[in-house]
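**Q** Here are the chains, one letter per residue:
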Amino acid sequence: MRRWFVLIVIVAIVAAPVLLPEFYVTLFGYVGLATLVALGLVLLTGVSGQTSFGQATFVGIAAYSTTLLTRFEGAPPVVGLAVGLILTGTIAWLLGLITARLSGHFLALVSVAWGISFFSLFGTLPALHGFNGIGDIPPLRIGSLSAANPRVNLGVIWVTAAIVMAISANLLDSRVGRAIRTLNGARLMGESVGIDTVRLSRSVFVIAALYAGIAGFLFAHFQRFINPTPFNLGASIDYLFMVIIGGSESLWGAPLGATLVVVLRDQFNDWIPRLTGRAGDFEALVFSLVVILLLQRVPSGLLPLLTRFAPPRRPSAALPRHPPASPLRHPPASPLRHPPATPRRHPPAAFPRHPPACPGDLSRQGAGVDPPDEPGDDVGAVRGDGGGAMPVDGGRGIPTLAKWGKELLSLEGVSRNFAGLAAARDVNFNVHACEIVALIGPNGAGKTTLFNLISGVLPPGSGTIRLFGQPGGNLAPRQVAALGVARTFQHVKLLPARGVLENIALGTHLSGRAGLWRAMLRLDRAEEATLLATAREQAIRLGLGHVLDMPAGDLPLGQQRVVEIARALCLRPRLLLLDEPAAGLRLPEKQHLAALLRQLRAEGMGVLLVEHDMDFVMQLADRVIVMDFGQKIAEGPPDQVRSDPAVREAYLGGVT
Amino acid sequence: MDLFVFLALLQDGITTGAIYLLLAIGLLIVFSVTRVIFVPQGDLLAFGTLTVASLQSGHLPGTLWLLDGVAAVALVVSLCRGGRAAVMGVLAWGVFPLVLTLAAVLLAPYQVPAISILLALAIVTPMGPLIWRFAFRPVAGASVLALLILAMALHFVLIGAGLVFFGPEEASAPALTEASFDLGTLNVSDQSLAVLLCCAALVSGLRWFFGATIHGKALRATASDRIGARLVGIDAAATGALAFGLASFIAALAGVLIGAVTPLSYDAGFDIGLKGFVAAIMGGLVSYPMAAAGAVLVGVLESLVSFWASAYREVIVFTLLIPVLVWLSLRSGSPEDRA
Chain A
12 MRRWFVLIVI
22 VAIVAAPVLL
32 PEFYVTLFGY
42 VGLATLVALG
52 LVLLTGVSGQ
62 TSFGQATFVG
72 IAAYSTTLLT
82 RFEGAPPVVG
92 LAVGLILTGT
102 IAWLLGLITA
112 RLSGHFLALV
122 SVAWGISFFS
132 LFGTLPALHG
142 FNGIGDIPPL
152 RIGSLSAANP
162 RVNLGVIWVT
172 AAIVMAISAN
182 LLDSRVGRAI
192 RTLNGARLMG
202 ESVGIDTVRL
212 SRSVFVIAAL
222 YAGIAGFLFA
232 HFQRFINPTP
242 FNLGASIDYL
252 FMVIIGGSES
262 LWGAPLGATL
272 VVVLRDQFND
282 WIPRLTGRAG
292 DFEALVFSLV
302 VILLLQRVPS
312 GLLPLLTRFA
322 PPRRPSAALP
332 RHPPASPLRH
342 PPASPLRHPP
352 ATPRRHPPAA
362 FPRHPPACPG
372 DLSRQGAGVD
382 PPDEPGDDVG
392 AVRGDGGGAM
402 PVDGGRGIPT
412 LAKWGKELLS
422 LEGVSRNFAG
432 LAAARDVNFN
442 VHACEIVALI
452 GPNGAGKTTL
462 FNLISGVLPP
472 GSGTIRLFGQ
482 PGGNLAPRQV
492 AALGVARTFQ
502 HVKLLPARGV
512 LENIALGTHL
522 SGRAGLWRAM
532 LRLDRAEEAT
542 LLATAREQAI
552 RLGLGHVLDM
562 PAGDLPLGQQ
572 RVVEIARALC
582 LRPRLLLLDE
592 PAAGLRLPEK
602 QHLAALLRQL
612 RAEGMGVLLV
622 EHDMDFVMQL
632 ADRVIVMDFG
642 QKIAEGPPDQ
652 VRSDPAVREA
662 YLGGVT
Chain B
0 MDLFVFLALL
10 QDGITTGAIY
20 LLLAIGLLIV
30 FSVTRVIFVP
40 QGDLLAFGTL
50 TVASLQSGHL
60 PGTLWLLDGV
70 AAVALVVSLC
80 RGGRAAVMGV
90 LAWGVFPLVL
100 TLAAVLLAPY
110 QVPAISILLA
120 LAIVTPMGPL
130 IWRFAFRPVA
140 GASVLALLIL
150 AMALHFVLIG
160 AGLVFFGPEE
170 ASAPALTEAS
180 FDLGTLNVSD
190 QSLAVLLCCA
200 ALVSGLRWFF
210 GATIHGKALR
220 ATASDRIGAR
230 LVGIDAAATG
240 ALAFGLASFI
250 AALAGVLIGA
260 VTPLSYDAGF
270 DIGLKGFVAA
280 IMGGLVSYPM
290 AAAGAVLVGV
300 LESLVSFWAS
310 AYREVIVFTL
320 LIPVLVWLSL
330 RSGSPEDRA
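If you're matching them up, the sequences are chains A and B in order.
Numbering (our numbering) for the first sequence: 12 to 667.
Numbering (our numbering) for the second sequence: 0 to 338.
Since the hints were made in silico from the structure, they are not lab data.
A hint or two may mislead.
Here are the simulated distance ranges between beta carbons [claimed, not checked]:
hint, chain 1, residue 1, chain 2, residue 2, range
1, B, Asp224, A, Leu304, 28 to 34 Å
2, A, Thr541, B, Arg219, 33 to 39 Å
3, A, Val22, B, Leu230, 53 to 59 Å
Each residue gets a CB set at the ideal place from its N, CA and C atoms; glycine is no exception.
All chains, full assembly: derive it from the sequences and hints.
**A** See the structure below:
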C-alpha cells in the first residue's frame with residue numbers, strides 16, 4: 012500500500028510537467044516550493060516542538076542573495092545558492108543562539124518580530140529596489156536545457172522536493188532523529204542520556220531555515236522576478252498553516268498541506284469574488300475561518316485521517332523481527348541469559364568469560380543467575396566522548412569497569428534549599444562499585460532532590476559531589492551521563508508515541524557518533540545497526556523482547572519503568588540511579604528486577620535506588636540510607652536500619 | 000534636533016508608551032489565565048478606533064452587526080444547553096446586544112463624542128468573551144503553540160472582517176478634549192494627559208479588581224495553578240471569558256485613546272499589539288513597574304526613531320527584543336521540559 016502510494020507520487024512527479032496545462036504547471040510549482048519550506052517546519056514544529064513564524068524571511072534572504080549575485084554580478088546560480096544558504100544558515104544559527112534556551116513560544120513570537128523587521132528591510136534597503144522588485148533574473152541551466160520553460164522548472168522543483176524529503180526521512184530514522192524527538196517535551200530525559208538539547212534544537216532550526224533557503228533560491232530563478240511581498244509575515248504563517256493542516260507529525264503532511272493551502276487559496280481567490288461580487292475582501296476571511304475550523308476539529312492534521320484506514324506499516328528493514336514472542340511477559344526459564352539469537356559483535360573469547368567477582372562477596376550472587384558475559388564490552392571503543400573517563404586496564408587497551416569496590420559517588424556536606432525549604436541538609440554518603448545502596452524515607456524527605464543533584468539537573472547549594480573521583484556538582488546532566496551515570500525518573504519519561512526499541516535505543520546516544528549529515532546521507536547504517544543491536548540486547552535482557560515495536564505509551568506503567576531501566580543500561584553506566592523502579596510492578600516482575608540488579612552488581616556496577624517497597628529494599632540493598640526532612644537520619648545494613656529508633660520514629664511517629 | 004523637537008517627540012513617545020502598557024497588561028492577563036497569546040488584541044484595538052469613528056460620522060458600524068450575529072449564535076448554543084446557562088445566555092447574548100443595538104440606532108445620529116465612545120466600548124468589549132467561546136474554549140487544553148497558531152488565524156479573520164466593515168481608509172477617533180496648555184516652550188495637549196490619566200485609572204482599577212474582588216482572585220488563582228483552581232471549584236470557562244473580556248475592553252479603550260492621536264486603518268492594530276508584546280517581554284518578566292518602563296521605552300524609542308529614520312522604525316523597535324532575550328537566555332538555567 013505504502014509502496015504503491017510512493018510509486019504513484021513518483022509517477023505523478025515525472026508525468027506532471029509533461030501533461031499538465033500551463034496554469035497548473037505554475038500552480039504546482041508553487042506547491043513544490045511551499046513543500047520544501049513546509050518540510051523544514053515539520054522537522055521544526057511537528058518533530059522538535061518549536062515553531063517559527065519567520066520561514067518566509069529565510070526564503071526571502073536566499074531569494075535576494077541569488078538575485079543580487081546572478082542578476083547584477085553575473086555570478087553563476089550555484090554561487091547564488093551557496094551564498095544564500097550560508098546567509099540563511101548563519102542568520103538562523105544566530106537567532107537560534109538567542110532563543111534556543113527559551114521556551115517554545117518565545118521562538119515563535121520572536122520570529123514574528125524578525126519576520127516584520129526583515130520584511131521592512133526588504134522593502135526599504137535601496138539595493139533591493141523596494142516594492143518595485145527586481146526582474147530579469149537569469150533562469151537556471153542544466154547543460155543545454157534552460158529552465159526558462161515552466162515545465163522544466165516544475166521538474167527541477169519537485170525533484171529537489173523529493174530529495175529533501177528523502178534526506179529528511181533518513182534524518183528522522185537515525186540516532187540524531189531519535190534525539191530530535193526528545194526536544195518535544197522530553198528535554199530533561201534527552202539530557203539524561205547525553206543529548207545536548209540546546210545545540211540540537213539550534214541545529215534543527217538551521218536545517219529548517221536551509222530548506223526554506225533552497226526554496227527561495229528556486230523561487231527567484233523560477234519566477235524570475237522578486238519583490239518583498241511573498242516574504243511577508245502572512246506567507247510565513249501560511250507555511251505554518253500548511254504543516255498544521257497537513258499533519259505536522261509526518262513528512263507527508265508537508266506536500267499534503269502545501270497542496271491544500273495553495274490550491275484552496277487559489278480557488279477562494281477565484282470563486283469568492285464571483286459569489287460576493289467584491290474582489291479582495293472576503294478571501295482571506297473565509298480562508299482563515301476554514302483554517303480555524305480545521306485547527307479545532309482535526310488538530311493533528313488531515314494526514315492521520317487519510318492514513319487511518321491504510322494497513323499498518325511493516326517494521327522497517329532496520330528493525331529485523333525479534334525472536335518469536337513468548338506468550339508470557341517474561342521468559343520463565345532463565346530470564347537473564349543472553350538469548351542466542353542476538354549476534355555478538357565480538358567473540359566472547361576475547362574477554363574473560365567470568366570476570367572476577369566483587370571482593371569477598373561471591374556468596375551474594377543470586378543462585379541460578381549466570382555470571383554475566385563481559386560486562387563493559389567495547390564500552391570505550393563505541394562510546395564517543397565518554398571514552399576518556401573510562402579507566403583502561405593496564406595498557407592492554409581493553410576498557411574495564413571501575414576497580415571492584417572503588418568509590419563511584421560521594422556526597423560531602425551537600426545542601427540545597429528551595430525558597431527556605433531545606434530539601435537537602437548537610438548530606439554525606441557514598442556509593443561503591445559492586446554495591447546496591449537504597450535511599451529511603453517518607454514522602455518529601457528529599458530523595459528525588461538528591462537524585463537531581465547527583466545527576467546534574469540541579470546544582471547543589473553547598474557541599475561537594477564527586478563522581479568517580481572528579482568534582483561533579485556543576486556538570487550538566489549530559490556531562491554526568493557521559494561520565495557513566497545513568498538514571499531513571501520517578502515520573503516515567505518516555506516518548507510515548509514511539510516504539511519501545513526506539514525508546515531504549517535513546518540510551519545508546521553516547522555510543523554513536525553519526526551526526527546530522529551522515530544521517531541524512533544514510534552513511535550511518537553500520538553504526539545504527541550496532542546501536543539498535545545494543546538496544547535490542549538490553550530489551551531482551553529485561554524481558555521486553557515481545558513488545559519492541561509497541562508504542563511505549565501503550566505499556567502498563569510498570570513495564571514503562573522497565574523500558575526506562577533498559578534505556579539506562581544502554582548507556583553502559585558505572586553508576587545506575589533508579590528512582591522508584593519497582594513502583595507499579597507485580598511480584599514476579601519485582602523478583603525479575605531484583606535478580607537483574609543483583610547481576611548488575613556482580614558485574615561491578617554501583618546502584619543507588621530510591622524505593623518505597625520495603626521488602627524489595629531490604630532483600631536487595633547492601634546498605635540503606637534513611638532520609639527525613641532533607642537530613643540523613645540513619646545509614647547501615649538493612650537489619651541495622653530496620654531496628655534503628657530514629658527510623659522508626661520517622662516512619663511511625665514518636666512513641667510517647 | 001533641538002530641545003523643543005525632542006520634548007515633543009518625548010511627549011508622543013510617552014503617550015504611545017502608555018497605550019503599549021495597556022496592551023501589555025491585556026496580553027499578560029489573557030496569557031496567564033488561558034495560555035493564549037492574544038495576537039488579535041491589536042485588531043480589536045483597531046476595531047475600537049474604527050467603530051467610534053464610524054459612529055461619529057453618523058453610520059452604524061459593521062462591528063455592531065458582527066457582534067449581533069455572533070451573539071445570536073452564542074444565544075442559540077446556550078439555549079440548547081438549557082438550565083442556568085440558558086438564563087445567562089439570554090441575558091448576555093440576547094438582551095444585551097438588543098439593548099445595545101437599539102441604543103446605537105437611537106443615539107448614533109446625534110454624534111456626541113462621549114456617547115460614541117461608550118457605544119464603541121460596549122460593542123468591542125463583548126468580542127473578547129465571544130472569541131474565547133468560539134475559538135479557544137473548544138481547544139482550551141491544546142499546547143501553547145497550537146493556541147498561538149489559532150490566534151494567528153483569528154488575527155486574519157479579524158483583519159478580513161475589518162476590511163469588509165470599514166474599508167481600507169484610515170480613520171480617527173474623536174479627541175476627549177481639544178484643549179492644550181503650554182509648559183515652558185512645549186505645547187502639551189490635554190489628549191496626551193487624558194491618555195495617561197485613563198491609563199493610570201485603568202491600572203489602579205485592575206489593581207483593585209485583582210486584589211479585592213472574588214472574580215479577580217479567581218483569575219489570579221487560575222493564573223498561578225490552573226488545575227488547582229479547578230479543583231477548588233473555580234469555573235475555568237468563566238475565568239477565561241472574564242480574562243478575554245478584560246483584554247478586549249482594554250484593547251477597545253486603547254483604540255479609542257490612540258485613535259485620537261494617530262489615525263488607524265483596519266490592519267494597523269497588529270503592529271501596535273506586537274509592540275505591546277515587546278513591552279510585556281521586556282518588563283513583565285521582571286516586574287510590573289519594569290513592564291511600564293519597557294512600554295514607555297518602546298514608545299519613546301519609536302517616536303525618536305521615526306524622526307531620524309522612519310523607514311527603519313519597525314526594524315529598530317523589534318531589534319530591541321534581542322538584547323532582552325540574550326539576557327533572559329543567559330539567566331535561564333538548565334533546560335527543563337517545556338510545554
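**Q** Hints broken by the structure, by number, lowest first?
**A** 2
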